[in-house]
Structures are given as C-alpha cells and as structure tokens.
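Same order as they appear, the protein sequences are chains A, B and C. Under this note's numbering, the first residue of the first sequence carries the number 1, and numbering increases by one thereafter. Under this note's numbering, the first residue of the second sequence carries the number 1, and numbering increases by one thereafter. Under this note's numbering, the first residue of the third sequence carries the number 1, and numbering increases by one thereafter.
Everything labelled a hint here was simulated from the structure, so no lab data went into it. Just so you know, not all the hints are guaranteed correct.
No farther apart than 30 Å at their CA atoms in a straight line, the calculated lysine-lysine pairs in the BS3-like style are these [to be verified]:
(1) A:Lys177 with B:Lys49
(2) C:Lys177 with A:Lys177
(3) C:Lys49 with B:Lys177
(4) C:Lys49 with A:Lys49
(5) C:Lys177 with B:Lys177
(6) B:Lys177 with A:Lys177
Covered, in the sense of this in silico footprint (three residues per stretch, anywhere, with C-beta under 8 Å from a C-beta of chain C), are these stretches of chain A [said to hold, decoys possible]:
(7) 12 to 22
(8) 54 to 60
(9) 65 to 76
(10) 169 to 176
Bear in mind that the values here come from a model prediction, so they are computed numbers and not experimental data. Just so you know, even glycine gets a beta-carbon here, dropped at the ideal spot from N, CA and C.
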Amino acid sequence: MARTLFITGGARSGKSAFAEQLAMGFGAPLGYLATARSLDGEMDARIGKHQERRGTAWHTIEEPLHLAQTLRDQDGAFKAILVDCLTLWLTNLLLLDEEPADDSEERVMADVRQLETTLATMATPVIIVSNEVGMGIVPEHRLGRIFRDLAGRANQALAATADEAWLVASGIPLRLK
Amino acid sequence: MARTLFITGGARSGKSAFAEQLAMGFGAPLGYLATARSLDGEMDARIGKHQERRGTAWHTIEEPLHLAQTLRDQDGAFKAILVDCLTLWLTNLLLLDEEPADDSEERVMADVRQLETTLATMATPVIIVSNEVGMGIVPEHRLGRIFRDLAGRANQALAATADEAWLVASGIPLRLK
Amino acid sequence: MARTLFITGGARSGKSAFAEQLAMGFGAPLGYLATARSLDGEMDARIGKHQERRGTAWHTIEEPLHLAQTLRDQDGAFKAILVDCLTLWLTNLLLLDEEPADDSEERVMADVRQLETTLATMATPVIIVSNEVGMGIVPEHRLGRIFRDLAGRANQALAATADEAWLVASGIPLRLK
C-alpha cells in the first residue's frame, strides 16, 4: 500500500524539520533522497546544516534527476524515504534545456506524472518536501515564470495524490488534507 | 441578496479550478468574466488552456477595465458569474498611468470601492478569483511595490465583504471565512 | 508571566490592523514599538497612514536596532507592547554590514536569540508583527536570499516561543497555534 505525505511551505519555514519528524515516526533506517546539486559554496553550506541536524538513522542518497527510478530502486530498503526537495528536482530537470521554454514545462510535467505513478506503487512510505513559490509578484524573467508555473502544477499534482498534505508557515504545520 | 465568494492563492495553485467548481454548484448557464488582455503569446496560451478546461455551460465575457459596470450589465443573465481574475484587472487599471505612483494606487482603490458597492447590489452570485502576491521579498521596482500594496488592499476589502473566503495552496482550498 | 503573540502574513495582508486589535484587548495605555526608519518619502507615507489608524491609547517608541533592550526598558509601562515589525528590524540589523554575508545572518540570529530571552522575562504582553517573505521564487540577489533565510529562521524561532501564532491572509487571521 502506497503512502505519500506531501509537505510544502516557504523558504526556511521549517518544512524540512517537520518532514524529518514525520519520517521518524515510521522508525529506522530512513532514506534521505537529496535532489540538491552542490554547485556552489552557498548550497554546500545549506546541505551541511541539514545533514548535521539529521541523526544516524538516516542514509543519504543523492539523485538530482532520476527521482522516480531511484525511489523504485530503494523501495523496501527503508522504513520511509524523505525526498528533499521537489522544487530543486524540477529546477534540475528544467535546466537540462539550454533555454527553457513552454516545451520544457511540459517535458518536466511528464516526469512529474511518472513520479506520481511510481508513488502509487511504492511499498515504502515517501515524504515529499516541496516549496511554495507562487505567492510573490510575477517574476521578471521568463525562466522564473516557467519555474513558478511548473512548481505550482507539480505541487497540485502531488498534493492530490498524497494521503496527507501540509503547509508549514513560521515553523508551524497547517494540515491541508 | 448579494452573494460573493472570494478565492485567493498563489500562481498555479489551483484557485481557478476550485472557483469553477464552486460556480458550477450554482447551476447553468455561468458567466466567465475574463479580465485578461491578450498582449502576448504567453498569455494567449494560458487563456486557451483555461477555456479548454471549462465546458459549454460557460459564456465568456472579456472586460479588462470596467468590471463593476459589466457585472451590473450581466446581473440576472447567469446562475453565477466568475471573475478571473482581480489582480489582472488591478494591473490593467494601474497601467493606465504612464508612470504609476501613489496617486495611481488611490485611483485604483476608488474602483475597488465601486466594485464593492456593486457586489452588494448584485442578484447573481459572484465568485472572485484573486492572487496572493505579498509573501515574497520586497519587489525591486517601484511598480512592483505599488502593485503589491494595491493587490493586498483590494484582497482585504473584497474578502471583508465576501460571504465566503478561501486560500488555495497546492490545489487544496483552506477556508478563511 | 510572559505572554507573546506572533502575527505573520504577506505585505498589506491586514496583519498590523489585526495585531492592533489583539493589543487593544489588553486595555490602555499601549506601546507601539516602531522599528521602521524613515529613509524616504515612500516609507514616511506608510508610517503616517499606520499612525492615523491608531488612536490616543497608543504611545509610539521608535527603535530601529535595540529591540530587546527597549522592550526591557518599557516593561511595566503599558498594558501591552506591539512590535511592528520584526522584518524591518532584521533588515536594519543586516544592513549594519556594508556587504551582508552568511556571517551577517548568524550575527543577526544572535540578536534574535537575545530577543527570545527577553520575551520570556517580560511582564508586559508583547505582540510581534512579522512578514511572510519566503513564498516567492528564489531572490535574484544574494542580499535578498540572506534576508529571506534570516526572516524565515527568525519567524520560526519567535513563533515557537509565542503563546499564540497567527497567519493573516487577505485580512483574515488563520490561527497557527
């Protein structure tokens, strides 16, 4: 029986900490599927801080692109798998195109639908951390607008399939469903 | 008896789909009052996608500026009228000034108050879709800041007069009132 | 017994008006601790509008930097003190560095922790207004990203210590805790 938990929220809203807490409710060992790519020092520092917070129950798997396949490969290996985070994965996929366009959005949405299919067949519970990125003014650059639309659509799709959905604000989770 | 439903949310949060669902609860025919102006291909594509999703119960009226007057003209012609969306209407009004300033904000707020008065006298229920645009960092440009302030004030005013208010996040509606 | 109320929300979401309403529930006189610095006309106009709305029960104290110390100095002088707002205070502290960096974030977080300690020892109830700034796309500039992270962390810390926490959207408060 598939079990998916979806957690969204703003930057530094405490969504990862809340997701880790939910994951720990499933026992140990736990899989931490990191979609981040260490491209610069800023990112490295952030990844380091997150790893520090998690304990020895966690095993980190780094996969910036093939999220669905990696989940299938790890199915059964952990009590739960935390994906952190959906929006970095979408960014990685989007940036495979030299110049992102409307086609890119549809191409990445095909990967999102694959992920949905995979989640429905997983035996291991999956906790997905995403970001709320659509509550500011319209982004100035086209890439920003495409990313924002893509993230919004992916969030809708995954929250719809999830058994639980939460919005975290100022560290406090609000149950969406 | 006036009946106003107010729906806000981020970009691609599923607020239009939720608003359409609420509207369909009133029966048919339904009015779709589009405030968008097709200025470019990006916008055309988005409008096309939205029209595709709506069925034959809907009649589209395009009005980028005279929202209150159009609502009064259409009062009684439909089981409900969906306004999609408030923030595009505000943008259209704001851009009537060559260089938007604090005066522009107050000028547009006068139109918002007219809209409020109209909503209070409508026999046909009106469902208003708006956008949450104030949860990012301070916009770099003055126009962005004016727009953000204006949208925030208009959202407050319309949510206050509405019988129901909803915030949609990741496709899931949260009841505000 | 310390009593802290934390209110967050987007720009022009009605959070200050709601905070003032909560404060007035404590009686009079009330302290209004303004962290804004009048650097330009835009800001002056906004401060003026806010002061107009508040009545004679309120006494304004302006303090852009030494928030914890000022709260301690004013403890017992009012029925409640409203701090408006946290994010302007964070901005003021951040901009003490000519070029903000990761160090700046940690330096300002030390001030946030001091504020937490102070709040725990206050006899006078304190109502803190903050801003939700993390629900847009990643800011283009490094300063924007540092500010966004800082505001997110400070919001988490203060919401965690608060007795009540609220998220205001379109003028309507949602209870977080």
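To see whether the hints hold, each was checked on the structure:
1. A:Lys177 with B:Lys49: Roughly 27 Å between the alpha carbons, so the hint for Lys177 (chain A) and Lys49 (chain B) holds.
2. C:Lys177 with A:Lys177: With a Cα-Cα distance of about 18 Å, the restraint between Lys177 (chain C) and Lys177 (chain A) holds, given a limit of 30 Å.
3. C:Lys49 with B:Lys177: holds, 27 Å
4. C:Lys49 with A:Lys49: violated, 42 Å
5. C:Lys177 with B:Lys177: The hint holds at about 18 Å.
6. B:Lys177 with A:Lys177: Holds - the C-alpha atoms of Lys177 (chain A) and Lys177 (chain B) are around 18 Å apart, at most 30 Å.
7. 12 to 22: holds (count 3)
8. 54 to 60: violated (count 0)
9. 65 to 76: violated (count 0)
10. 169 to 176: holds (count 5)
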